[in-house]
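Using the sequences and the hints, build the whole thing.
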Amino acid sequence: MTASIDSLTSRVVPPQTIPEGQPVDHSIVGTAERSASPLTSPVGDYSGDALSRHGSSRSIRTTRASRILGFGSQSRRSSRRSASQTHSSMSPAHAFLSSWNRDNTVEPPAPELKPDDEGQAIGLENEYIIGRTINHGGFGVVKEVHTINTHTGDRIVRAVKIIRKQAAGGDESVSDKAQQDLDHEVSVWRHLKHPHILLLHAVYETDFATFCVMDLNVGGTLFDLVRKARLAASPNDKHKGLPPHLAKRYAYQLACALRYLHEDIRVCHRDVKLENCLIDLTSPNAETEGGNLRLCDFGLADFLHSGSIDEGTSGLEGLAPPIAVDQGSHQRATSSVIGTLEYASPKGLSVNRKLFETAGDVWAYGVIVYALCTGDLPFKHSMPSKTVELILHSDWDVNALRLAAAGGGEEVIELVRGCLELDIDLRLTIGDALRSEWFEGCRGEEDEAATGGDGLWD
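So for the sequence shown, the working numbering puts the first residue at 126; every next one is plus one.
Hint data in this document are derived by calculation from the structure and do not stem from the laboratory.
It cannot be assumed that every hint is accurate.
Capping the alpha-carbon separation at 25 Å, the derived lysine to any residue pairs in SDA-like fashion look like this [claimed, not checked]: (1) Lys353 with Ala411; (2) Lys302 with Phe333; (3) Lys472 with Phe428; (4) Lys290 with His276; (5) Lys472 with Asn417; (6) Lys353 with Asp405; (7) Lys505 with Ala530; (8) Lys505 with Asp520; (9) Lys353 with Asn410; (10) Lys353 with Ile259; (11) Lys290 with Glu250; (12) Lys472 with Asp405; (13) Lys479 with Ser312; (14) Lys472 with Glu514; (15) Lys472 with Val523; (16) Lys353 with His370; (17) Lys290 with Gln304; (18) Lys239 with Gly256.
Quantities reported herein were computed from a predicted structural model and do not represent experimental measurements.
Rendered as structure tokens:
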């Protein structure tokens with residue numbers, strides 16, 4: 126496996142597992158920048174995507190029609206559809222005139238429109254009109270949807286993830302798996318409302334497909350920004366990370382989102398990584414002053430509960446014996462990791478099931494802060510087994526962080542060191558991270574965001 130972006134683009138990582146036999150390079154190093162659409166979505170398994178956003182590939186589906194209020198109640202199905210859904214798109218007049226041409230031949234009828242085609246209406250009151258396709262993949266398609274603000278009359282553009290009831294090829298097992306993935310993701314996502322978390326507005330179900338309406342993101346991801354910064358740096362330039370003010374801004378915004386999840390909603394994300402941090406750049410001067418980070422993809426997320434594994438506990442049921450530092454153990458670790466290997470915590474590599482704790486998110490957060498500052502990941506190797514060894518020893522380059530333009534001296538080193546602490550009892554919480562001296566000056570306008578808000582749906 127090479128460390129180049131061209132190699133990365135040829136691989137699609139399956140959700141939840143990274144087998145040894147299928148090496149995946151999540152290195153930010155690249156030799157050429159792909160020209161990508163600035164419109165991005167958090168929920169698409171896109172075969173044409175040059176980035177490996179496997180955590181975001183999770184299709185989301187629900188078992189019944191739902192809207193923002195009363196998600197748990199028995200909602201009526203979205204039965205009102207546009208006329209074009211039940212009738213041919215060709216009018217009688219058009220059909221008659223088309224039958225008379227110079228060759229005296231009858232033109233074939235136009236293909237019948239599908240309920241998810243451009244121009245079709247969705248919603249309990251047909252309030253959304255489907256627009257152009259943003260991206261598509263094996264389990265669904267993401268398109269623009271247009272609606273009108275009933276209070277101001279302004280047009281609003283959002284995104285909709287569309288998952289058809291029948292998967293391509295008619296594989297029933299694939300459809301069932303997509304259904305389960307959707308049920309789980311929506312069960313968490315519907316409770317979340319925070320400025321730095323992608324908002325899910327509504328979920329609608331018809332006999333044809335499930336439609337998940339969310340905010341439209343314009344600006345790419347943190348992965349895109351870090352890769353762009355690397356490509357802009359000269360070969361001998363050691364400063365390949367983001368500009369200091371942007372690295373600090375996005376690190377703080379992500380910490381605010383995680384604090385809301387961990388402390389207010391009691392949710393662990395389990396797949397925190399650069400690719401799952403969308404950056405909205407629609408505000409004035411966002412390219413230079415910084416945009417708005419929005420954490421997405423809750424396919425692996427789950428609620429913490431009284432019987433769950435949490436930080437500082439030991440002797441827990443379901444834990445596998447700690448893996449030894451040898452090749453065979455590394456192969457077992459890479460084949461069972463939850464999420465993405467380069468962001469996995471040591472404890473996450475040594476268990477045989479999901480962990481219901483927030484310490485893994487904090488570890489992944491430390492990985493991201495390091496990447497924002499240095500332009501590289503702290504734990505990387507062409508061989509996954511070697512990457513595991515680096516993680517198990519928390520073996521990362523302190524000097525690279527110290528020399529980085531966005532490093533900020535010892536303050537950011539202490540922050541990253543605290544997040545990448547092997548001992549869970551000594552590892553920082555996300556609340557501790559927010560109180561880091563490195564974030565002096567960030568507090569203020571972001572304080573309101575840090576407090577979060579109530580969930581959208583009851």
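Hint check:
1. Lys353 with Ala411: 15 Å, holds
2. Lys302 with Phe333: OK: lysine 302 and phenylalanine 333 at ~17 Å, within 25 Å.
3. Lys472 with Phe428: Holds, because 19 Å separates the two Cα atoms, which is no more than 25 Å.
4. Lys290 with His276: 34 Å, violated
5. Lys472 with Asn417: Distance ~31 Å between lysine 472 and asparagine 417 Cα, so the pair is violated.
6. Lys353 with Asp405: 16 Å, holds
7. Lys505 with Ala530: 21 Å, holds
8. Lys505 with Asp520: The given pair, whose Cα atoms are some 10 Å apart, holds under the 25 Å limit.
9. Lys353 with Asn410: Distance of about 18 Å is within 25 Å: holds.
10. Lys353 with Ile259: 21 Å, holds
11. Lys290 with Glu250: 21 Å, holds
12. Lys472 with Asp405: 33 Å, violated
13. Lys479 with Ser312: At roughly 17 Å apart (the allowed maximum being 25 Å), serine 312 and lysine 479 satisfy the hint.
14. Lys472 with Glu514: Cα-Cα ~13 Å, so holds.
15. Lys472 with Val523: 22 Å, holds
16. Lys353 with His370: 16 Å, holds
17. Lys290 with Gln304: Within the cut-off at roughly 9 Å; holds.
18. Lys239 with Gly256: Measuring from Cα to Cα gives roughly 13 Å; hence the hint holds.
Hint compliance for this structure: hints 4, 5, 12 are broken, all remaining hints hold.
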